[in-house]
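Visitor: Start from chain Y and add chain D according to the hints.
As a plain string of letters, each chain reads:
Number of protein chains: 2
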Amino acid sequence: MSHTDRNAPVGVFDSGVGGLTVAREIMRQIPEERIVYFGDTARLPYGSKSKDTVLRYSRQIVRFLRTQEVKAIVIACNTASAYALETVASESDIPVIGVINAGARAAVHATKNGRIGVIGTVATISTGIYTEVIRTMRPGIEVFGKACPLFVPLVEEGLFHDSVTDEVASRYLSVLKEKYIDTLVLGCTHYPLLRSTMRRLMGENVTLVNPAYETALELKDLLKEKEMNRDPAAEMQGEQYQFFVSDLADQFTNFATAILPKEVKETRKINIEEY
Amino acid sequence: MSHTDRNAPVGVFDSGVGGLTVAREIMRQIPEERIVYFGDTARLPYGSKSKDTVLRYSRQIVRFLRTQEVKAIVIACNTASAYALETVASESDIPVIGVINAGARAAVHATKNGRIGVIGTVATISTGIYTEVIRTMRPGIEVFGKACPLFVPLVEEGLFHDSVTDEVASRYLSVLKEKYIDTLVLGCTHYPLLRSTMRRLMGENVTLVNPAYETALELKDLLKEKEMNRDPAAEMQGEQYQFFVSDLADQFTNFATAILPKEVKETRKINIEEY
Chain Y
358 MSHTDRNAPV GVFDSGVGGL TVAREIMRQI PEERIVYFGD TARLPYGSKS
408 KDTVLRYSRQ IVRFLRTQEV KAIVIACNTA SAYALETVAS ESDIPVIGVI
458 NAGARAAVHA TKNGRIGVIG TVATISTGIY TEVIRTMRPG IEVFGKACPL
508 FVPLVEEGLF HDSVTDEVAS RYLSVLKEKY IDTLVLGCTH YPLLRSTMRR
558 LMGENVTLVN PAYETALELK DLLKEKEMNR DPAAEMQGEQ YQFFVSDLAD
608 QFTNFATAIL PKEVKETRKI NIEEY
Chain D
358 MSHTDRNAPV GVFDSGVGGL TVAREIMRQI PEERIVYFGD TARLPYGSKS
408 KDTVLRYSRQ IVRFLRTQEV KAIVIACNTA SAYALETVAS ESDIPVIGVI
458 NAGARAAVHA TKNGRIGVIG TVATISTGIY TEVIRTMRPG IEVFGKACPL
508 FVPLVEEGLF HDSVTDEVAS RYLSVLKEKY IDTLVLGCTH YPLLRSTMRR
558 LMGENVTLVN PAYETALELK DLLKEKEMNR DPAAEMQGEQ YQFFVSDLAD
608 QFTNFATAIL PKEVKETRKI NIEEY
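Chains as they are written, first to last, in the working numbering: chain Y, 358 to 632; chain D, 358 to 632.
Only chain Y is shown next, with the shape it has when bound in the complex (with noise of 0.2 Å):
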C-alpha cells in the first residue's frame, strides 16, 4: 500500500444512478475526499442477471477506475456487492468494500426481536447473502428476504408516491409483515427513494436501514485506519467529484444534480467494453 497517494480519489461504481445516494452519503461524511463515479447505464440493470455477467461487468469497471488512479473501490450497488465483491477484493491491491456488511451491521444493530426483513433485487436476495451476513454477525436472528423488482422500474419512471407503486409494495411488503420484522434493510440503492411508502406500510415501529449511511462510514474509518484518508489542506487538482457513464451521460448529469449536493457540470461517456 505504500505507493498509493492518500490524495488520490476514491472510486465508486453501481449500475447507473442508483449508486449516487452512496456517493451524496461520503459527499456528506468524508467532505474532503475526492470521488471517481462510474454508472454503467449502457448496461443496467443488474438485478436480473447472473453472478458471471455481473462479474465480468464489475472486473471491467475496476479496470477503468484503476486508469483513474483511485485508492480505494466502493461497490455501491447490491447486486454487485452480493456477486462481485469477494473476487474483485481477492483481486486487488487496493481497499474494495460494497454496501451489504455495511447494511447488515446496521440491521443487527437496529433489531430488538431478532427478525429483519430484507428487500432487494432478484439476484440480491437469490444469493441469500444478507442472511448469511447477518447470521455470521450474530447466529440465531431471523432472515426474511423478499425480491422486489418492480421497485427499480417503478423508481426509474418517477412514480415515488403512485398508487400503483402503493399497490405494488403492498403486495411486496405483506409477507414480510406477516413475519413480525422489526428492520427492514432497503438491499438495492434505488429504494431509500420509496422511503415514505414503505414507512407508511410497515409503520412507525420497523427500523428502515439504508446501506448508503453506513458504507460512507466504514469507507471514512477504512481510510483512517490504513492512513490513506485525504489531507483536507493538499491541494485539489482537477474537479472533486467526477463522474462517467457508458450510455446517455446528459440524462445522468441532470439527475445526478438533483440529487447531490453539488451541482454536476459534466459526465463523460466511456466505451466500458474496452476495459
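It should be emphasised that the hints constitute simulated quantities derived from the structure, not laboratory data. Cβ coordinates follow ideal geometry from the N, Cα and C atoms, glycine included. Among the hints, a few may not be true.
What the hints assert, rightly or not - Derived coverage of chain Y by chain D (criterion: at least 3 residues anywhere in the stretch with Cβ under 8 Å from a Cβ of chain D; other residues may be distant):
{"#": "1", "region": "435-443"}
{"#": "2", "region": "512-522"}
{"#": "3", "region": "579-590"}
What the hints assert, rightly or not - With a cut-off of at most 16 Å between alpha-carbon atoms, the simulated EDC-like pairs for lysine to aspartate or glutamate come out as follows:
{"#": "4", "chain 1": "Y", "residue 1": "K619", "chain 2": "Y", "residue 2": "E389"}
{"#": "5", "chain 1": "Y", "residue 1": "K408", "chain 2": "D", "residue 2": "D607"}
{"#": "6", "chain 1": "Y", "residue 1": "K626", "chain 2": "D", "residue 2": "D409"}
{"#": "7", "chain 1": "D", "residue 1": "K503", "chain 2": "Y", "residue 2": "E514"}
{"#": "8", "chain 1": "D", "residue 1": "K469", "chain 2": "D", "residue 2": "E561"}
{"#": "9", "chain 1": "D", "residue 1": "K626", "chain 2": "Y", "residue 2": "D409"}
Claimed, not checked - Distance ranges between label pairs, derived from CB positions:
{"#": "10", "chain 1": "D", "residue 1": "D409", "chain 2": "Y", "residue 2": "E443", "range": "32 to 38 Å"}
{"#": "11", "chain 1": "Y", "residue 1": "A590", "chain 2": "D", "residue 2": "V532", "range": "53 to 59 Å"}
{"#": "12", "chain 1": "D", "residue 1": "A615", "chain 2": "Y", "residue 2": "H466", "range": "42 to 48 Å"}
{"#": "13", "chain 1": "D", "residue 1": "S531", "chain 2": "Y", "residue 2": "R557", "range": "44 to 50 Å"}
{"#": "14", "chain 1": "D", "residue 1": "I627", "chain 2": "Y", "residue 2": "Q425", "range": "27 to 33 Å"}
{"#": "15", "chain 1": "D", "residue 1": "A467", "chain 2": "Y", "residue 2": "N611", "range": "35 to 41 Å"}
Guide: For chain D alone, coordinates are given in the frame of chain Y:
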C-alpha cells in the same frame, strides 16, 4: 448475392425474449426455413438506452450472426429497428429487415379513419419513426405515439392479467383513446402478451396490429423474390432452430419452450462483447 447459400439459416435478434414472437411467426409461415436466434439478455433492455449504444450492440450481434453464416437478418426488436436498421442494412451485403416497416404497412392497411396510435419503448417513440414511415406510405394519416416504459417490466413479471397492469395500461392508453384512433400498433415485441388487456381497454372497434406477423410475411416475400428461400428437400444439417444468448441461457430455454411450437433443447451462451 450469388455466393449466398439459399439453404443457410435466417438470423433473428432481439434484446431478449421479445423477438421470439417474431421467430414464432417465421416458424409458422415459412416452416422450411432454419433460424439462428440471438437474445442480448446480458444487456437488455434496449428501450431506455441511446442510439449510439443500441447501434453498437446491433453491429456486434450482426457480426456474431455472420459467423453463423446466415443468409439474411431480421431485427426482431422495435428499438433496434428504429435506431440501427438503416445503418446496419447499408453496411451489410445480405438483406437486413426490421419490424417497423411491416408494422407500419399493416396499420396503414387497417385504418379507416386515418388515425393510428403507436405504443412502444421510450426510445422507439422518441425517434418518431413509426410516424415517419406511416406518413411516407400514406401522407395525411395522423399518428399518435405513446411510450409505455412499465409494460416490459410488467410482462417480465408475468403480470398479464392483473389489476396493477390494468391501472398502468389504462393511464397509458387513455391519451390514445381521446384521439379517436381506430388502429393501435403494438410497437414492442413484449406487448402482444398484454393483448387481452389492451383489447378490453380500447374496445372492439380498434384494430390491434402486431408487427411480428407482417414481418414474417415480408421475410417470406423477400426470400422468394431473391431466390434465397430454402429448398424444403435439402438436408437439414444440425438443428433447424438454434438459440444463443449473452446471459441466463436456462431461463431463456424455459421461456422459449413455453411460447414456441417446438421444445427448445439447448440455448448457448456467448460473450457478445467479443464480436
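Visitor: Determine for every hint whether it applies to the structure shown.
Guide: Outcome of the hint check:
Coverage of the region 435-443 of chain Y by chain D is violated. Counting CB-CB distances below 8 Å, 0 residues qualify, and the rule asks for three or more. By the rule of at least three residues with a Cβ nearer than 8 Å to a Cβ of chain D, the coverage given for the region 512-522 of chain Y holds, with 4 such residues. Chain D is given as covering the region 579-590 of chain Y, and this is violated because 0 residues of the stretch bring a CB closer than 8 Å to a CB of that chain, at least three being needed. Our distance criterion of 16 Å between C-alpha atoms is met by Y:K619 and Y:E389, whose separation comes to about 14 Å.
At most 16 Å may separate the alpha-carbon atoms for a hinted pair to count; Y:K408 and D:D607 meet this at roughly 14 Å. Of the pairs offered as hints, the one joining Y:K626 and D:D409 holds, with about 11 Å between alpha carbons and a cut-off of 16 Å not exceeded. Only pairs whose Cα atoms come within 16 Å are accepted, and D:K503 paired with Y:E514 is accepted, the gap being roughly 14 Å. Distance hint between D:K469 and D:E561 is fulfilled; the C-alpha atoms sit about 14 Å from each other, no more than 16 Å.
The straight-line distance between the Cα atoms of D:K626 and Y:D409 is roughly 11 Å, inside the 16 Å bound, and the hint therefore holds. At roughly 34 Å, the beta-carbon separation of D:D409 and Y:E443 lies within the given 32 to 38 Å, and the hint holds. A beta carbon spacing of about 58 Å between Y:A590 and D:V532 agrees with the range 53 to 59 Å that was offered as a hint. A beta carbon spacing of about 45 Å between D:A615 and Y:H466 agrees with the range 42 to 48 Å that was offered as a hint.
At roughly 27 Å, the beta-carbon separation of D:S531 and Y:R557 lies outside the given 44 to 50 Å, and the hint is violated. A hinted range of 27 to 33 Å for the beta carbons of D:I627 and Y:Q425 is consistent with their spacing of about 30 Å. Restraint check, D:A467 to Y:N611: a C-beta distance of roughly 39 Å satisfies the suggested window 35 to 41 Å.
When each numbered hint is compared with the structure, violations occur for hints 1, 3 and 13.
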